[in-house]
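Asks: Each chain, written out:
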Amino acid sequence: MEINCRDKTTREINRLLRESIACGDNDIRVLEPDGRHNLGVGLLKPVYVVFDGSVGYYCAGMMDGANVEIRGSAGWGTAESMMNGTVVIDGNAGSGVAASIRGGTVVVRGDAAARAGVSMKGGTLLIGGNCGYMAAFMMQRGTMVVCGNAGHALADSMYEGTVFVGGEIESLGNDAVLENPTAADRKTLQKLLESYNISGPKSFRKVVSGRKLWNFDRKEIDLWKVAL
Amino acid sequence: MCGIIGFLDKTGSRPLGQTLLTMLDALSCRGPDSAGVAVFGASSPFWIVQIMLPEQEDRAGAVKKILESARDCGPVINHQVMEAFVRLEVDGTIDPVVLEETLVRRHAGLEVVSLGHSLEIVKQVGSPAGLEKAYSIGKRQGSHAIGHTRMSTESRVDLSHSQPFWAHGVPDLATVHNGHITNYHKLRRQYEQRGYRFCNENDSEVIGVYLRDRIAAGLSLADALRSSLDDFDGSFSYLAASADSLAYVKDRFGFKPLMVAETVEFVAIATEEIALRKALGRDFVSLEPAPGTLGIWTVPSKVAV
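Those protein sequence lines, which keep their order, are chains A and B.
If you count the first sequence from 1, position 92 lands on 91 in numbering that gives the first Met the number 0, and the numbers rise without skipping.
If you count the second sequence from 1, position 260 lands on 259 in numbering that gives the first Met the number 0, and the numbers rise without skipping.
Don't read these hints as lab results, they were simulated from the structure.
Quick caveat, the model's predicted, so the values are computed rather than measured.
A few of these clues could be false.
As the list claims (entries may be wrong) - DSS-like cross-link-like pairs, simulated, lysine-lysine; straight-line CA separation at most 30 Å: (1) A/186 x A/201; (2) A/120 x A/186; (3) B/132 x A/7; (4) A/7 x A/44; (5) B/63 x A/7; (6) B/277 x A/7; (7) B/9 x B/185; (8) A/224 x A/120; (9) A/44 x A/224; (10) B/185 x A/224; (11) B/63 x B/138; (12) B/277 x B/132.
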């Protein structure tokens, strides 16, 4: 099933998508997306959707269980609030990719911009290239893997959750600390990279929460002043 | 929200006006209030002066008086009345600061919207389609241009408050801004104390005043843009264009989006990729610059205009 975006509004495209899925189509190609926003939001069935080109903001947002491929680059907030499923972006991703996801996997083969993985609550974000400023900001749970370099303030105010970085980290955010990856970590990472055919570095740095900001302690008021 | 666009034609192979119009139209939902462009056309030995005519009954009379005031400063080669503007071409030996001061002092409500050897700004309240109807943007030619669609968040919706803004006092320098300069009031107070005049209450205007001040202090345009990263608070993706350059500046937190595409034929910048795709097709990759960075391109001098 093919849907061509040319001369259609976003509303029409999404309606056609929903109608196709309701009719039992579970393999849909969306042609000429050309940077439109909000494409394929609210996909709740385990269908396979390919966007043949670049998309705008919030593509595949609020998804539960579908499998989406973006054969181009994606704008801000891609896959935001995903409950389950997969989103694979061939190109680069704009700010806030995988924002607030609770499950599933988001893969960016290129680079991710600022605030990648912001407030993740589960799931996995895998970035083949670099990520920008304040990635994993306020991350609560889940796993983020960056094969390339990470920008400033990585994992600032992270609660739980883990960030693995293969390249350089420009700076760690508030209360983010380095830890040694375990053998189990290494195995999981290898499997993850292989399953998406991404060649990553041999070793990764592991970033977790220092837990100093979990509870307020008067003795640590200086740390809080810095964080706030 | 606002949308900004920039386009630099490297090889003279793209219809500048049509490209601008398509990009503006694609961003009109981001900025439904007003639309405007700053086009750099063929370089003239004269000063091209775009004057906003104040609202009044006797327009012809007002135009006559404006021409008299301009002639007091020097020869007026040509004049045209177009919708809300009077476009003058005046002798290039006239001091542009003196010309602007003379006109503004003598005619209440008058504003010089742009001045330069190649810069022309046209803007108005309404949509890009309306702008096209009034000023035939699609037919305009030039080497490069910037444009803006406005969603007013802080100040009045009228022509004076809409963008692009000319950096008063600096011929051929224009800016477009998406975001909010949060130390605008503090900066404005400081500049007014030092004698700089503001034309309206739009915070974006301070960008041009800042650049004028930094250039007067001896900085190059590139260095002035770079220092603005430290001196402006708030959210900004803004573009600056001069007679021979086009530049973008992105705030340190990456609050406002911006996409940049460069090929051998052009440099194209837009708040959203959808504008680039609509105007320029699919044969290029567009990238979002990192927060806290700027980029500047020189207009190739051999582009035939």
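Asks: Give a verdict on every hint.
Replies: Evaluation of the provided hints:
1. A/186 x A/201: OK: residue 186 of chain A and residue 201 of chain A at ~11 Å, within 30 Å.
2. A/120 x A/186: Holds. Residue 120 of chain A to residue 186 of chain A sits at ~23 Å (cutoff 30 Å).
3. B/132 x A/7: holds, 25 Å
4. A/7 x A/44: holds, 23 Å
5. B/63 x A/7: violated, 50 Å
6. B/277 x A/7: Holds, at roughly 13 Å.
7. B/9 x B/185: violated, 39 Å
8. A/224 x A/120: Roughly 26 Å between the alpha carbons, so the hint for residue 224 of chain A and residue 120 of chain A holds.
9. A/44 x A/224: violated, 46 Å
10. B/185 x A/224: holds, 26 Å
11. B/63 x B/138: holds, 28 Å
12. B/277 x B/132: Roughly 20 Å separates the two Cα atoms, so the pair holds.
In terms of the numbered hints stated before, the structure departs from hints 5, 7, 9, listed from lowest to highest.
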